[in-house]
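Using the hints provided, position chain B relative to the given structure of chain A.
Residue numbers (this note's numbering), protein chains in the order written: chain A, 1024 to 1139; chain B, 1021 to 1134.
Bear in mind the hints are in silico, worked out from the structure with no lab data behind them. Bear in mind that the values here come from a model prediction, so they are computed numbers and not experimental data. Errors might be hidden in some of the hints.
Taking lysine-lysine and the DSS-like style, the derived pairs with C-alpha atoms no more than 30 angstroms apart in a straight line are [what the hints assert, rightly or not]:
1) B:K1091 - A:K1064
2) A:K1064 - B:K1069
3) A:K1087 - B:K1081
4) B:K1078 - B:K1089
5) A:K1043 - A:K1064
6) A:K1078 - A:K1089
7) A:K1064 - B:K1081
8) A:K1087 - A:K1037
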Amino acid sequence: GAVVSQHPSWVICKSGTSVKIECRSLDFQATTMFWYRQFPKQSLMLMATSNEGSKATYEQGVEKDKFLINHASLTLSTLTVTSAHPEDSSFYICSAFARGKNTEAFFGQGTRLTVV
Amino acid sequence: AQSVSQHNHHVILSEAASLELGCNYSYGGTVNLFWYVQYPGQHLQLLLKYFSGDPLVKGIKGFEAEFIKSKFSFNLRKPSVQWSDTAEYFCAVNAQSSASKIIFGSGTRLSIRP
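So here's chain A without its partners, still in its complex pose:
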């Protein structure tokens, strides 16, 4: 199956700093990628839809100025958590559909962000 890779797998940062998380589709092109966050023992909550070459679409309640998404190419989307606070600590997961297909999304392994 197709592979989606996230980097880094885990990161610890100080409060007030910014952190960038990368999501790459390794062997397929993805015009659309999705960013989720998952709190411990909870489900995945969709944050935004990342579209190659255009602005991301954010879900209600997600601050677009805090969670900056860039989808600069067909294989890379980045999520930048700006001015991170401890409440931003979470598991961030990206997913992507292979171009032209929507019957299976492939998920990255996730990034554990801890803000201290």
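Below, chain B without anything else, positioned relative to chain A:
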């Protein structure tokens, strides 16, 4: 907007017991349906999916699910569970349009007693 409900938050079974996890969705149009599994410390894996055809779908590891359109349900079943099935199970849905977002249910934690 789509939504997904999973009624069982935590299910505890003994090995060899039969499993059924409930999932209902809400959406006005045609959908694709998924079950994902997340083993402790690991990322999501697709168990099975339905997008058209036979409403009884067979997935990996002996799991199956049945799409009942009239009930807006897509329950997950396994006739005989194993200890290694201990995991979190998520039902999910997306609209049958190009690369539409996947919405997840709240998840069901399955614990299997050896």
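Straight-line alpha-carbon gap K1091 (chain B) to K1064 (chain A), limit 30 angstroms
Holds - the C-alpha atoms of K1064 (chain A) and K1091 (chain B) are around 28 angstroms apart, at most 30 angstroms.
Checking one constraint from the list: CA of K1078 (chain A) to CA of K1089 (chain A), max 30 angstroms. Satisfied?
Cα-Cα ~14 angstroms, so holds.
Please work out if K1064 (chain A) and K1069 (chain B) have their alpha carbons no farther apart than 30 angstroms.
23 angstroms, holds
Sort out whether K1081 (chain B) lies within 30 angstroms of K1087 (chain A), counting only the CA atoms.
With a Cα-Cα distance of about 40 angstroms, the restraint between K1087 (chain A) and K1081 (chain B) is violated, given a limit of 30 angstroms.
Given the hinted pair K1087 (chain A) and K1037 (chain A), is their Cα-Cα distance within 30 angstroms?
With Cα atoms ~21 angstroms apart, K1087 (chain A) and K1037 (chain A) stay inside 30 angstroms; holds.
Can the restraint linking K1064 (chain A) and K1081 (chain B) be considered satisfied, given a maximum Cα separation of 30 angstroms?
Between K1064 (chain A) and K1081 (chain B) the Cα gap is close to 23 angstroms, so the pair holds against 30 angstroms.
Next pair to validate is K1043 (chain A) with K1064 (chain A); report whether the Cα-Cα distance is within 30 angstroms.
The given pair, whose Cα atoms are some 24 angstroms apart, holds under the 30 angstroms limit.
Holds or violated: are the alpha carbons of K1078 (chain B) and K1089 (chain B) at most 30 angstroms from each other?
17 angstroms, holds
In this structure, the one hint that does not hold is number 3.
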